[in-house]
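Asks: Below are the chains, spelled out letter by letter.
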Amino acid sequence: MKTDELLINMGPVHPSTHGVLRFKLTMDGEIIRKCEIVMGYLHRGTEKLGEMKTYMQFVPYTDRLDYISAFPNNYAYTKAVEELAGIEVPLRAEYIRVITLELNRIVNHLVMLGSLLLDLGASTMIMYGFRERENALQLFEMLCGARMTFNYIRPGGVREDMPEGFIPKLNEFINDMEKRIDDYEQLISGNEIFMGRMKGIGVMSTQDAINYGMTGPSLRGHGVNYDIRKLEPYSVYPDLDFKVCVRNEGDSFARYMVRIDEMRESLHILRQAVDQMPQAKPVSLAKYGIAPMTGASTAVSTYFPRIFTPPPGEVYSRIEAPKGELGFYIVSDGTIKPYRIKIRSPSFCNLTAIPKMVEGLMIPDLIAAFGTIDVVLGDVDR
Amino acid sequence: MFANAYELIVFTLNYIGIYEPVNNTFKTLGIEYVLRIIIVLVEIAILFVFALLTIMFLTWMERKVVAMVQARYGPMVTGPRGLLQPVMDGVKLIGKEDIIPAKADRWVFTLAPFLVFIPALLIFIPLPFGESLIISDLSVGLLYLIAISAVSPIAILLAGWASNNKYSLMGAMRAVAQDISYTIPLAISAIAIVLFTGSLSTVEIVTAQNGTWFGFIPKWFIFLQPLGFVLFLIASIAEMGRIPFDFQESEQELVAGFFTEYSGMKFAMFFLAEYAHLFSVSAIVVTLFLGGWSFPYISLLPAALVPLVSLGVFLVKTYAVIFFAMWLRDTVPRVRIDQLLSLGWKIMIPLALLNLLVTGFLLTVGVFQ
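One line per chain: the protein sequences are A and B, in this order.
Start counting the first sequence at 1; every next residue gets the next number (the numbering used here).
Start counting the second sequence at 1001; every next residue gets the next number (the numbering used here).
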């Protein structure tokens, strides 16, 4: 039977496009014949702004890229600057950084699970996810006072040491989370309707997933053992025992399960980090030869000056952010400002695979597949 | 005792000594039918107020149940425990701007909300709320219920089409597909009950469930028709259009589906109709399978108390079904439209037919006599 095709604009303002994303869908009834992604509604020119700020001034801008997981963005930029300028960071600061990164990974996955289930029509998980996120946010608030755009990690270390009472509260969170993840599994993973909506939906071959430049849990759901924490170990990850969570099915359910597994693994990392973290608070300034600021109360950060000039050169530094590979390419011309900044964000690359995943499926499948890609539009439009 | 609420009202008026003098006055004037009209209008007014209060209560209850499941508070500021929240919602909705899209079909767009709301209230007419508490014991009560509940998809189709919005149209199309798929197993499961009672009257269906087996198991049809009950319940939730079957609106896919373009009181009409539907469909489930207002040993109560107690029993059972629907909504995600249709056509209809066949066979050979 011949039917007319219908052009539907899904977004830029739509309950399920996670911000301002627009899908141009050519529909045959409820079947998607063609899916085109239109981005750029949130473009803020962040990379250009970076070239107009000093190295230190740009740090708060990174918080706003992926606003669900600000710490990894902070850290990815900081790591690039540190590599560019050859700065060494105290060990305790590195452990604190890993704690924030892994906590933020859990927070990110909680938001992802909540919004995925909300996209599928089940509103309970987002409340549970945000309940646990709130506990983590309280920890973040203790560290840096912020509850969303956490600005804590910076070149040379972290802003200041953990406050008193942080570690007991963190342990409480870890113990609580372990039970909560079991609850989520009971609520979601074994649910027949959920499996019916996720299994065999948004399937893509491993080769395609690699070709589209997917990374992070979205790629690991396609059977690819690719985790920058293992491939190019950074910070104190080499001293920590953890495994890379991989699933082979390459469908929405696999991508969801990778996140569940990763949350458990992050808790495992957190436990180790708390145990192994040195109690001493060394300050490493030798390399840069700058005296500590007078009156400083803590000794975790490296008392790094606000304005400094890395030697001319370039660096591409990447980390395993919760959503995938997050990289900063920075070119220095030896002045106080970067000559060029380019960000490789995971959401952008992962998103490009959506048309391949959903053509021939239905609108509800697009929503399910899109939910498992875990996109934040701040991370797409920079 | 009394055939319907009309007789109950006449009895009460007689009891307090008003009916005879008033009736005589009207008789001497030659307009005794006026009193009948007044009593019927009073009945309708009571029913209307009851329906509106129920709807308001359900909007509050839904939020409280969701809050309980999702570890939050729900309404708690306006009135004790937020009980005045539905009133405030009403005030807010009345105050909203009534928008009609430029290219909408104005008449159909305006008419559709009423067409959804009115049948939702009409369903209440043959519902047996308690012994003697029924507006009209229709001899084709069950048929009437199924027929009236089949009207709302037409109104939804009109709303979706008149909005001149693609999302609305898709929501409307889904509503029709869903309704056709689920009315069939719904009706077939109900027919199995009719085989037992030999009547379509809702009162007779409830009366047939009076009494007990072995002195303690209530003679409810759920025990004779467990499969029919499950099928009827699933189909009812689909008819209500609630999660996991809320395709017509499905916020995450179709923005708000058929009522995307509606605002203010027109939107409220859809909203109220949904809750009226929730109550009436749950009441039908109770009437057909859970014994309606009957309860073991209810006949031992003093006759004067029976209408009141039976009303209480009916409401408790109905709210239990409503609670189940709300609980379900908070627990499961939405199925996909093709999954819904294949469930309806490939599983529920064959099972309902099988259920009917087995029931008929067992009745014929005398197992259930």
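Please note: incorrect hints may appear among the correct ones.
If you only want the chain A side, here are some residues facing chain B, beta carbon under 10 Å, derived [what the hints assert, rightly or not]:
id	residue
1	T26
2	G45
3	M127
4	L187
5	I188
6	S189
7	R197
8	V224
9	I228
10	L231
11	S235
12	V236
13	V246
14	N248
15	M362
Here chain A is said to cover these stretches of chain B; the calculated rule only asks that three of the stretch's residues, wherever they fall, bring their Cβ under 8 Å from a Cβ of chain A [stated by the list, open to error]:
id	segment
16	1242-1249
17	1328-1337
Just so you know, the hints here were simulated from the structure itself, not pulled from any lab data.
For glycine and all other residues, C-beta sits at the position ideal for the given N, C-alpha and C.
Asks: It remains to establish, for every hint, whether it holds in the given structure.
Replies: Against the structure, the hints come out as follows:
With a cut of 10 Å, the hint placing T26 (chain A) at the interface with chain B is violated, because the nearest CB-to-CB distance is about 12 Å. Look at G45 (chain A): its Cβ only gets to about 30 Å from chain B, farther than 10 Å, so that hint breaks. This hint holds: M127 (chain A) has a C-beta 4 Å from the nearest C-beta of chain B, less than the 10 Å allowed. Given the 10 Å rule on beta carbons, the hint for L187 (chain A) holds: about 7 Å separates it from the nearest Cβ of chain B.
The beta carbon of I188 (chain A) comes within 8 Å of a beta carbon in chain B, closer than 10 Å, and the hint placing it at the interface holds. About 12 Å separates the beta-carbon of S189 (chain A) from the nearest beta-carbon of chain B, more than 10 Å, and the hint is not met. Annotation: interface hint on R197 (chain A) holds; nearest CB of chain B at approximately 6 Å, less than 10 Å. A least Cβ separation of about 28 Å between V224 (chain A) and chain B goes past the 10 Å threshold, and the interface hint is therefore violated.
Contact between I228 (chain A) and chain B, as hinted, is not supported at the beta carbon level, the nearest pair being about 32 Å apart and thus beyond 10 Å. Given hint, L231 (chain A) at the interface with chain B, is violated; its Cβ is 35 Å from that chain's nearest Cβ, farther than 10 Å. Taking 10 Å as the C-beta cut-off, the interface hint given for S235 (chain A) is violated, the closest approach to chain B being about 35 Å. With its C-beta approaching chain B no nearer than about 36 Å, V236 (chain A) sits outside the 10 Å limit, and its interface hint is violated.
Given hint, V246 (chain A) at the interface with chain B, is violated; its Cβ is 25 Å from that chain's nearest Cβ, farther than 10 Å. Given the 10 Å rule on beta carbons, the hint for N248 (chain A) is violated: about 24 Å separates it from the nearest Cβ of chain B. With its C-beta approaching chain B no nearer than about 6 Å, M362 (chain A) sits inside the 10 Å limit, and its interface hint holds. Look at the segment 1242-1249 of chain B against chain A: 3 of its residues bring a Cβ nearer than 8 Å to a Cβ of that chain, three or more, so the hint holds.
Interface restraint, the segment 1328-1337 of chain B with chain A: holds (8 residues with C-beta to C-beta distance below 8 Å; minimum three).
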